[in-house]
Every structure is written in structure tokens, then in C-alpha cells.
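One line per chain: the protein sequences are A and B, in this order.
The first sequence: position 188 = 188 (our numbering), numbered continuously.
So the number in our numbering is just where the residue sits in the second sequence, counting from 1, plus 1000.
It should be emphasised that the hints constitute simulated quantities derived from the structure, not laboratory data.
Where is the CB? At the ideal position from N, CA and C, for every residue including glycine.
Each hint should be verified, as a subset may be incorrect.
Partial pick of chain B residues on the chain A-facing surface, computed with a CB cut under 7 Å [claimed, not checked]:
(1) L1137
(2) G1139
(3) L1143
(4) Y1181
(5) F1198
(6) T1210
(7) W1215
(8) G1227
Sample of chain A residues lacking proximity to chain B, with all beta carbon distances greater than 10 Å (derived) [said to hold, decoys possible]:
(9) K156
(10) Q184
(11) F198
2 protein chains.
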Amino acid sequence: MNSKTTTTTETATATESASGTQLLSAQNVASLFNSVDAFLFDCDGVIWKGDKLIDGVPQTLEMLRSKGKKLVFVTNNSSKSRGQYAQKFHSLGISVSQDEIFSSSFAAAMYLKLNNFPTDKKVYVIGGEGILEELRLAGYTGLGGPEDAEKRVELKSNSLFEHDKSVGAVVVGLDPYVNYYKLQYGTLCLRENPGCLFIATNRDAVGHMTDLQEWPGAGCMVAAICGSTEREPIVVGKPSTFMMDFLLQRFEVSTSRMCMVGDRLDTDILFGQNAGCKTLLVLSGVTTQSTLQDPSNKILPDYYTSQVSDILELLGR
Amino acid sequence: MNSKTTTTTETATATESASGTQLLSAQNVASLFNSVDAFLFDCDGVIWKGDKLIDGVPQTLEMLRSKGKKLVFVTNNSSKSRGQYAQKFHSLGISVSQDEIFSSSFAAAMYLKLNNFPTDKKVYVIGGEGILEELRLAGYTGLGGPEDAEKRVELKSNSLFEHDKSVGAVVVGLDPYVNYYKLQYGTLCLRENPGCLFIATNRDAVGHMTDLQEWPGAGCMVAAICGSTEREPIVVGKPSTFMMDFLLQRFEVSTSRMCMVGDRLDTDILFGQNAGCKTLLVLSGVTTQSTLQDPSNKILPDYYTSQVSDILELLGR
Chain A
1 MNSKTTTTTE TATATESASG TQLLSAQNVA SLFNSVDAFL FDCDGVIWKG
51 DKLIDGVPQT LEMLRSKGKK LVFVTNNSSK SRGQYAQKFH SLGISVSQDE
101 IFSSSFAAAM YLKLNNFPTD KKVYVIGGEG ILEELRLAGY TGLGGPEDAE
151 KRVELKSNSL FEHDKSVGAV VVGLDPYVNY YKLQYGTLCL RENPGCLFIA
201 TNRDAVGHMT DLQEWPGAGC MVAAICGSTE REPIVVGKPS TFMMDFLLQR
251 FEVSTSRMCM VGDRLDTDIL FGQNAGCKTL LVLSGVTTQS TLQDPSNKIL
301 PDYYTSQVSD ILELLGR
Chain B
1001 MNSKTTTTTE TATATESASG TQLLSAQNVA SLFNSVDAFL FDCDGVIWKG
1051 DKLIDGVPQT LEMLRSKGKK LVFVTNNSSK SRGQYAQKFH SLGISVSQDE
1101 IFSSSFAAAM YLKLNNFPTD KKVYVIGGEG ILEELRLAGY TGLGGPEDAE
1151 KRVELKSNSL FEHDKSVGAV VVGLDPYVNY YKLQYGTLCL RENPGCLFIA
1201 TNRDAVGHMT DLQEWPGAGC MVAAICGSTE REPIVVGKPS TFMMDFLLQR
1251 FEVSTSRMCM VGDRLDTDIL FGQNAGCKTL LVLSGVTTQS TLQDPSNKIL
1301 PDYYTSQVSD ILELLGR
């Protein structure tokens, strides 16, 4: 738990649980609001669900901006680049600049850049177009991804599976077109190309690939490559705080005056806590109140509420 | 190290390494031979490589049989059923009965049988035909496997991925036709069907799917499902000693009078050691002498030699 602001009103209220996690209320919302200069939002399950905007989000974001709060969108979804994300926001009627978006696809490219990964080395991608686009924007040559979706392997005597020896990094993210070709390609690069980096956009077990149900997430593909290579990846998405350095540089707000708003305990809330931010769990995504309050759950946000628009509603009371 | 027989000759020989692992030699081969009633062989990398028999194997097996030794073939490869394995042996000119073969596909079916898995429940398979055939022989209904190789998912709003609620176990083995459909099917069964078992044939990281190189093994697909379900599997193949109960029942030989012969330290040799057998590593498969002797290697066989036929050659001297 980070920087919990405690007032007499709060400690007295019945909405505070034994653990210290508080239900967001008309009593404590102002204290959260006043102690924060930047709100960091996860997207899926917070801003939207699949292609459907969650009720009251545009009005809430507008109010926060009008009050001078900085807004940042931090997503583990690597299927889109930042530009593609900005387009998605626009198509849903929310104006967001590309600079306010921090996706794990961008983080993967930035990890390479910060670590002076040579531009004459290539990057093999198990994942979507978003990763390849961010790599291109950062000046790197990506291989694999959607291009290898339909490729098949030949398991015949004397047939050699060839891979590019100049691949110096394998980036693994969510890939609905994962296949044995890609698994073998990534595995060979990591096992045979000296010094080849293994980068995971994130390790989410499942995610809402469709609005009605959850599907295997990047954690599935990343684990597959861990299994075949017996290596552990560098994780650049949440809950790793790798992206926080960029956020700090751009926004010049101390992490103690940031609030991470998300629907996942093990990525969003843990990320916020790892970085020293305040944390607000919304129940509009994958986490239910009973999961939050289960004794086995050790990740406790500072606040929780049903959805983002509660901030607007509670402040307006 | 198990039941190491030490004679003056052996301890004096220069072929004994500091660790106690002995190079098989004309001096120690008789002692191994005389202390063993049953030889357990791994197949790939020991008997054959891909579709190619390793030199001298038929003659060695024939000699062992003629001297009254029992022969057992214990393989983690789940792509074939025991019947299909017996055929492969015959096609290579070696006469082996189905009862002498213990494959991880058979082990998966036997695990269900021993645990009274109800026959009105179904089993979803991420893996090959061998698993489905062993399930059928044990009286179970298998789903998935090769049948789902070309299936694609629809990631559209309002489209629900349906799965069979009567699936009570998911068996995962090596699957060169792994795809997102199968990963989602297995994941949904394990996350949503109450009490659904998660069984792994084995967790080998890689294997010689072709003679020229290694490919991701069952450990890759098993890890993928661990990643999406956040569960750990029951492993029935090596190094788990689950199959040993069947071996003991059939052959009535105490494990201290068995010798496990294999090419992998982390499966074959560990399996032998876990079960209390003597162990002989052959260097005709995935393990090199430098891997064996690397200080980071903690799995030390009793003996090592270049290939199975050395037993015949050394005894004949």
C-alpha cells in the first residue's frame, strides 16, 4: 500500500475494509483527487471492453483534463501500436494524443533502443502487427508476426529449418496466430544465436479478446517459449516498471502523485504499487469484488470502485 | 547415485571421474551386467534418431535377450501409441512386443484409469494421435488432437467459443499442430469445468523431431497451458516415476536390479535415479560429454558411454 491518506472521516467509515483498501466514496474521493496530478489508466476493462466504450468514460476523462490532471494510458495489449491506439480512442469519440499512450509494443521497442540494440540486428516477433510497427518506428527490422501466421513446418528427414542468424532479439506478445513454425523460429534464435535477447511484452494469463469471454493471453505464448528454451524473459509491460522511466521523463510528475487505475490486480495494481503510485481498482473488467476480498489475494489497491465514471459522480455530489 | 558397485579395479581406473560417474569400460561392464536383470531403454537418441536406427542396436538387444535380460522401452514421445511403436520397431528390424513398450501416451491413459476417471467424462487432447488411441484403448472418449489442427478462432463481438462441459481432463503432449483454437479449448476446460484434470505427458524442452535439429518439445505446449491457466500439471512421463508401478507389476524385478539407459539427463537419468535404478547415459542423443561434465550439471548417471552397442562390444572383449 502506498501513501495512504487517512482522515478521521475515512477511518470511521464503514466502507473501509479491514485490509485498508477503501471503497471510493463521496468522503474520500476529494482526498484522492487532490493528492494526484496524473491518472494512469489501463484500457481494456477500464476504458472499454473489446470494442465497446464503458459508460461515462468520456465525460470523466474530460472532467479530469479540465481540472488540469494529466492522463496517461498504459496498456499491456501489444496488438496495436500507439498510433493505432490513438485511432481507436478517436473512433470511440475520445481525443487522446499518441504521446499519452504507453503500450507494451512501444515498451518492447524502447527497451531495445535504451539498451543500444544494434540496428543491423533483426528482431523476431511472436505477436501482432503493433509490435512490428513500433519496431519500425524505432528503426529496427522485425521478422515474423502476422507474416508467419500460415506457415507450416516440414518434419522430414534431412529437411533443415533455417533461421536468420542475425536475429538478436525475440519479442513475444499475445499471438492468436501462434503456430509451431513461430515457436521453432523463436526457439532456434534463442538457443543458437549468441546473446539473443528474450523480451516479453507482458505475461497476462488471459484477456478479453472478445467481449463475451477470456482467451489465453501473452502469458501463454511467453510460457511456451520459456518451456522450449529453458530461459526467462525480460518483461517490459505491467507489472514491470520499465515504462515508468518514460512516463516520468515526459510528464515530470513524481510517482507518489500518480494514481494507477486498472482492472487487474497482478498487472495494473501491482505495477502501480511497484512504481510507488496510488492505486484504484475498477470492477468493470476481470477482477470481481470477491476476488479482491478473497483471503488468498495479497495485492490490495488503495481504493476500489465499480467503474471509472464513479470518480466523476462522487466528486459531483 | 544409486547402488554403485565399487571394486578395486574400478576405483583404480582412470576412467572414473571425480563425481563418481564412470565411463563404461571393459573393466566395469561385467559388474553392471551382472547386477541388472532388466534394461530400460529410452528410444529416441538411444535406439534410433528420427527414422534411423543407431548402429549396433539390434545385435546388442539380441545379446541381452539371449542372456535372459528383460528389455523395456520407456519413451516420453507421445505421438505414437504402444501398437504404433511396436510397428516402428518391426519396420526397423527389431522384434519388440507391445507389452515391452511404455510410452507417455499410454501413461496418460493409465493415469486416468488408475484414478477411476469416469468413462462418461471426455478428455481434451493437445497432442498427437498416439494419445487419442491409448485413450480409446482404455475406454475413454478423446476430443481434439489432429482433428483440431486446422481450426481457426473467430475473434468477433458476440461470438462465443463453445467448449464441451463434460470434458473432465486435458492431456497435453508434443503437438506440432498447436494453435490458438486448441489453446483456448484446453484453457476453457481447465478454467471452467469443475475438477478438470491437467495431465502432461512430459515436459521435455526440445526433441529431435527431425534428424538434423531439435524442435520445441511437449514442455513448450505444457508451459503454454500453465501460462494461460496458472495451474501446474500432473506429469506422467519421465522423470515422473508414475510408469514404474506398471513396470514393477509386469516384470517383477526390483528397481535396484534395473538399469535405465537414456540420452537425457533431466528425464531419463533423473527418472532412473528417482526410481532407484542404476543409470547409463549414452552420448548418441541430446547430451554431450561436456554437458555431462559441466560443473552446473547436478544429474550424474552411474555410467556413461557413447552408444548402446558399447555394452556388446565391451562384454565381448
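For each hint, the structure was consulted:
Of the supplied interface hints, the one on L1137/B is violated, with its beta-carbon coming no nearer than about 25 Å to a beta-carbon of chain A, more than 7 Å. Against a cut-off of 7 Å between C-beta atoms, the interface hint on G1139/B is violated, since the closest Cβ of chain A lies about 31 Å away. Checking L1143/B against chain A: minimum C-beta separation of about 18 Å lies over 7 Å; hint violated. This hint is violated: Y1181/B has a C-beta 9 Å from the nearest C-beta of chain A, more than the 7 Å allowed.
The criterion of a C-beta within 7 Å of any C-beta in chain A is not met by F1198/B, whose closest approach is roughly 14 Å, and the hint is violated. With its C-beta approaching chain A no nearer than about 6 Å, T1210/B sits inside the 7 Å limit, and its interface hint holds. Contact between W1215/B and chain A, as hinted, is supported at the beta carbon level, the nearest pair being about 5 Å apart and thus within 7 Å. For G1227/B, the shortest C-beta to C-beta distance to chain A is roughly 3 Å, which falls under 7 Å, so the interface hint holds.
Not every CB of chain B lies more than 10 Å from the CB of K156/A, the least distance being 7 Å, so the non-interface label is violated. At roughly 5 Å, the least C-beta separation between Q184/A and chain B is not larger than 10 Å, which violates its mark as non-interface. Every Cβ of chain B is farther than 10 Å from the Cβ of F198/A; the closest lies at roughly 14 Å, confirming the non-interface assignment.
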